[in-house]
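Trainee: Use these hints to put chain B onto chain A, whose structure you have.
Protein sequence lines correspond, in order, to chains A and B. In this text, residue positions in the first sequence follow full-length UniProt numbering: the first is 1, and each later residue adds one. In this text, residue positions in the second sequence follow full-length UniProt numbering: the first is 1, and each later residue adds one.
Any given hint could be a false lead.
Claimed, not checked - Listed next, the in silico BS3-like pairs over lysine-lysine satisfying Cα-Cα at most 30 Å (straight line):
hint : chain 1 : residue 1 : chain 2 : residue 2
1    : B       : 172       : B       : 252
2    : A       : 172       : A       : 252
3    : A       : 28        : B       : 372
4    : B       : 403       : A       : 252
5    : B       : 372       : A       : 252
6    : B       : 252       : B       : 171
7    : A       : 28        : B       : 28
8    : B       : 28        : A       : 372
9    : A       : 372       : B       : 403
10   : A       : 173       : A       : 252
11   : B       : 252       : A       : 372
12   : B       : 252       : B       : 173
13   : A       : 28        : A       : 372
14   : B       : 372       : A       : 372
15   : A       : 28        : B       : 403
16   : A       : 403       : A       : 372
17   : A       : 252       : A       : 28
18   : B       : 372       : B       : 28
19   : B       : 372       : B       : 403
20   : A       : 171       : A       : 252
21   : A       : 403       : B       : 28
22   : A       : 403       : B       : 252
23   : B       : 252       : B       : 28
24   : A       : 403       : B       : 372
Said to hold, decoys possible - Not close to chain B: a few residues of chain A, all C-beta gaps over 10 Å, as computed:
hint : residue
25   : 76
26   : 99
27   : 147
28   : 166
29   : 214
30   : 242
31   : 257
32   : 272
33   : 299
34   : 416
35   : 474
Rather than coming from a laboratory, the hints here were simulated on the basis of the structure. Predicted model only: the values in this text are computed from it and were never measured. Glycine residues also receive a C-beta, built at the ideal position from the N, C-alpha and C atoms.
Protein chains: 2
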Amino acid sequence: MERRLAVIDCGSNSFRLVVFTYTDTWWKRTDEIHEAVRVGEGLEGTGALQPAPMERALETLELYAHFCSATGIDEIRPVATSAIRDASNQAEFLAAALDRSGLSVEVLPGASEARYGYLAAVNTTTLSDGVVLDLGGGSMQLTRVASRQAVDARSWPLGAVRMTERFAPGKKKRTEALREHIAQELESAEWLGEDSRLVAVGGTVRNLAAAAQLAAGMPSYGIQGYLVTRTALGELIERFSSGPPADVPGIKASRGDLILAGALVIDGVMEAGGFEAFEATEAGLREGVFFERLHPEGLASDVRRDAVRNLASQYDTDFAHSEHVARLSLEIWDALGAQGLHRADPEERELVWAAAMLHDIGVAVDYDDHHKHSRYLILNAGLPGFSPRETALIGQAARYHRKGNPGLGEFAAVARDGDRAVLDRVAACVRLAEQLERSRDQSVHACSVVVANGVAELRLRASGDTRIARWAAERQGDLFQRAFGRDLSVV
Amino acid sequence: MERRLAVIDCGSNSFRLVVFTYTDTWWKRTDEIHEAVRVGEGLEGTGALQPAPMERALETLELYAHFCSATGIDEIRPVATSAIRDASNQAEFLAAALDRSGLSVEVLPGASEARYGYLAAVNTTTLSDGVVLDLGGGSMQLTRVASRQAVDARSWPLGAVRMTERFAPGKKKRTEALREHIAQELESAEWLGEDSRLVAVGGTVRNLAAAAQLAAGMPSYGIQGYLVTRTALGELIERFSSGPPADVPGIKASRGDLILAGALVIDGVMEAGGFEAFEATEAGLREGVFFERLHPEGLASDVRRDAVRNLASQYDTDFAHSEHVARLSLEIWDALGAQGLHRADPEERELVWAAAMLHDIGVAVDYDDHHKHSRYLILNAGLPGFSPRETALIGQAARYHRKGNPGLGEFAAVARDGDRAVLDRVAACVRLAEQLERSRDQSVHACSVVVANGVAELRLRASGDTRIARWAAERQGDLFQRAFGRDLSVV
Chain A
1 MERRLAVIDC GSNSFRLVVF TYTDTWWKRT DEIHEAVRVG EGLEGTGALQ
51 PAPMERALET LELYAHFCSA TGIDEIRPVA TSAIRDASNQ AEFLAAALDR
101 SGLSVEVLPG ASEARYGYLA AVNTTTLSDG VVLDLGGGSM QLTRVASRQA
151 VDARSWPLGA VRMTERFAPG KKKRTEALRE HIAQELESAE WLGEDSRLVA
201 VGGTVRNLAA AAQLAAGMPS YGIQGYLVTR TALGELIERF SSGPPADVPG
251 IKASRGDLIL AGALVIDGVM EAGGFEAFEA TEAGLREGVF FERLHPEGLA
301 SDVRRDAVRN LASQYDTDFA HSEHVARLSL EIWDALGAQG LHRADPEERE
351 LVWAAAMLHD IGVAVDYDDH HKHSRYLILN AGLPGFSPRE TALIGQAARY
401 HRKGNPGLGE FAAVARDGDR AVLDRVAACV RLAEQLERSR DQSVHACSVV
451 VANGVAELRL RASGDTRIAR WAAERQGDLF QRAFGRDLSV V
Chain B
1 MERRLAVIDC GSNSFRLVVF TYTDTWWKRT DEIHEAVRVG EGLEGTGALQ
51 PAPMERALET LELYAHFCSA TGIDEIRPVA TSAIRDASNQ AEFLAAALDR
101 SGLSVEVLPG ASEARYGYLA AVNTTTLSDG VVLDLGGGSM QLTRVASRQA
151 VDARSWPLGA VRMTERFAPG KKKRTEALRE HIAQELESAE WLGEDSRLVA
201 VGGTVRNLAA AAQLAAGMPS YGIQGYLVTR TALGELIERF SSGPPADVPG
251 IKASRGDLIL AGALVIDGVM EAGGFEAFEA TEAGLREGVF FERLHPEGLA
301 SDVRRDAVRN LASQYDTDFA HSEHVARLSL EIWDALGAQG LHRADPEERE
351 LVWAAAMLHD IGVAVDYDDH HKHSRYLILN AGLPGFSPRE TALIGQAARY
401 HRKGNPGLGE FAAVARDGDR AVLDRVAACV RLAEQLERSR DQSVHACSVV
451 VANGVAELRL RASGDTRIAR WAAERQGDLF QRAFGRDLSV V
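In isolation and in its complexed conformation, chain A is listed as follows:
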């Protein structure tokens, strides 16, 4: 059964309504409304929400309430963060919000806000030990993570809107003043410097990652898992200081005036913690609120597996087939590894599984060219927990699951040495398994491989006639030879 949860995130910079639709097997964001409300405008100077921003906020909440009732949303979670949390007239705002929209807005304490950022990070990356940075308009949260658990969390009033209003960085002197302020504030985070991995969440982070990705000339299908080095961040700070930041590709117009302060805060955290890079994720506070609902204790059991299964479940109409192709692909890959035909890298094994699980999802777009549509869906939906390089390899392997000579295409830019050979092996295993399961009836139960005299002999365990499976599989000999350096025979 499909259920829906609307999270309304009343942030200092923008208000967002995000609708999550979920069942027992998949979830996805299905709707979003975004308003650059800037409810925190003028707060830094006066300590109170100002009349104009407050009116914008109330109108936006009315719209969101309308939207939820019109679309029959089961459940609404309106939450507010730093600006509303710190405003002296918070009670007045909450009462007006309830009166005009019927929504009872929950003001999150700093620790809860930090927890949702942490949940967003650990459920969309493979972070096990390290630090989560969550930068909003009003505040910045740091959470220390050990064995995927949050062991300490703190919030600082270092949000991008707030720092922009207070320091207006850009000119050298004001930028230096902000840098000093950040360094001083962060002295209270005693454990900064003890971890080497930093995952960052929030709109500032997403904009910076997009800009860094474009600056590096990388193909861009979203920033999930993209690693921004401190050098790359430094170069962006340089560009934001020397011209209009909104002119930098990747930076949204509505965030142009805030991005420099935000970048400086992140740079300050990297300085204080000795981090060489931060890892971006698409998820943020809103996803954190949703994950708390979705997972027992808020934690997915296996982020990478979940990402693949989630995508496969959304599109696939013949799950038994995909799972069987995945099983046969791994049997082939494992057997070839055991015979010394590849290094049996466990990460490559996961790519084989993922590509096999997702090879057919493109049929949801159109049967014709469905291999290309599978790649499109994989790249555009993204696979949390996988790096852009890995997602690209999975997409290319799905692209080549039927025919053609596997190549990296535009993804050569994100590839490592040897990735062409990785792709050949992954595509060869998936393609062979697809041919064995061509009748889609799982009649080839299992297979094994014996290498002798320079020939790889694929042995099938099957019910019924395997002539067709054999005949189809043997036609894949060319790619097999290229990937594994052996002729293929099927018996």
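Mentor: Here is chain B on its own, set in the frame of chain A:
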């Protein structure tokens, strides 16, 4: 309820199994297996199916039967055309097929084969009066169409496999001999020459259209509705005669040796009928068999409307919203036309409706960038009944339904003069309607426009508070001004 029909098309060149999945509101091809069986190999010389091709055919039918039982297909329609129809040992083949696969293959008389080609053409193009050409491996059918009804149909043994085997065109003398043969055969089609519109179906046609499209440097998202002029066909024939046809981009390797004979047959029909161009469609015999099941009397009531509704129903999760946006878009467009702000071209009106109906389908891929995904789905699935130019305009309007300056992008190549302005108008109406329906509750029931003093005043009829709709709509003033040359005010 979803139902499935598998059509098995035992053609002279290839055997194809195509699965159609359909409900009361949509249909799509969901699976396909293709084998280049060439059952007709050697038939032209001996009059009988030869042992090796027959064995390939029987193995393929076994595979297809397995596939259907494994995937639980409700209904199977195996049909055979020219090669099997004309073979002296047809009965032996049919008995062996039943024995080994359990499939009872129906041999189509020439008239039935022609009828399915006709149904494929009239249900995927706007053909009302003209000729349908259906070229297979063994035979070629021509059907004369008047007011969408087939008024005459004939079949000739002029299929591409057959003509290749008999004439082996390429060298000038053999090519001329084939041309003469075609001209002689076609003398029996008395009504050829009385119509000006020619729609062509079949694998040869699809390959030729793809090659012509690539040769013209057009962006290619399939050949649905693509018009191949006789000049373009002549240039392709020239290229096929002077080098390996499979080297011509768009021509599949498995069809390389047949394409010249096929092209000459089509050219012969164009000569005999005085046609200046033929219009290609993706559909063929298999779709014809399916349409006979889907539509009362085999005919869709409105091909263009059906194409849009079919696509919308497959992806859209909030049909009430899309239909309401379509209604409001048309009200705005109609009102502006009545006030003389555009020429009220009925074809443009259909583009407005189609773009509005399809604007949100990309949410099925991912909420982020869903406007771009909508375009991708529209272009790749295709819209039967619309030309490539119209499909491109609908896709671009969906692409720009949220933000950005509408532009033709790569589709400038298929555009006509003035299409940039058409796109502006279509996108402006859809975008404005989308803003009025931002709360997705259909609370803005209707709207009208009054133009006075250089300002277009949009008047809303609504239940409840319209402040948000007005506020959101007014932000679309820039595009409105560009599209209609008037400032926008919403009251």
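Trainee: Does residue 252 of chain A sit within 30 Å of residue 171 of chain A, going by the straight-line distance between their CA atoms?
Mentor: Since the Cα atoms of residue 171 of chain A and residue 252 of chain A sit roughly 22 Å apart, the hinted pair holds (cutoff 30 Å).
Trainee: Does residue 372 of chain B pair with residue 403 of chain B here, judged by a C-alpha cut-off of 30 Å?
Mentor: holds, 11 Å
Trainee: Hinted pair, alpha-carbon criterion (30 Å max): residue 403 of chain B, residue 252 of chain A. Please report holds or violated.
Mentor: Measuring from Cα to Cα gives roughly 13 Å; hence the hint holds.
Trainee: The output says residue 166 of chain A does not contact chain B. Does that hold with a beta carbon cutoff of 10 Å?
Mentor: holds, 30 Å
Trainee: Checking a non-interface call: every C-beta of chain B should be farther than 10 Å from the C-beta of residue 416 of chain A. Is that right?
Mentor: holds, 27 Å
Trainee: Take the C-alpha atoms of residue 372 of chain B and residue 252 of chain A, compute the straight-line distance between them, and say whether it is at most 30 Å.
Mentor: This hinted pair holds, its Cα atoms lying about 17 Å apart.
Trainee: Tell me if the straight-line CA distance from residue 28 of chain A to residue 28 of chain B falls inside 30 Å.
Mentor: holds, 24 Å
Trainee: Residue 299 of chain A clear of chain B by more than 10 Å, beta carbon to beta carbon?
Mentor: holds, 24 Å
Trainee: Between residue 403 of chain A and residue 372 of chain B, is the straight-line Cα distance small enough, at 30 Å or below?
Mentor: holds, 27 Å
Trainee: Between residue 28 of chain B and residue 372 of chain A, does the CA-CA distance stay at or below 30 Å?
Mentor: holds, 18 Å
Trainee: If you draw a straight line from the CA of residue 172 of chain B to the CA of residue 252 of chain B, is it 30 Å or shorter?
Mentor: holds, 24 Å
Trainee: Grab the minimum beta-carbon distance between residue 147 of chain A and chain B and tell me whether it stays above 10 Å.
Mentor: With a cut-off of 10 Å, residue 147 of chain A remains clear of chain B, as the shortest Cβ separation is near 31 Å.
When the structure is compared with the earlier hints, no violation turns up for any of them.
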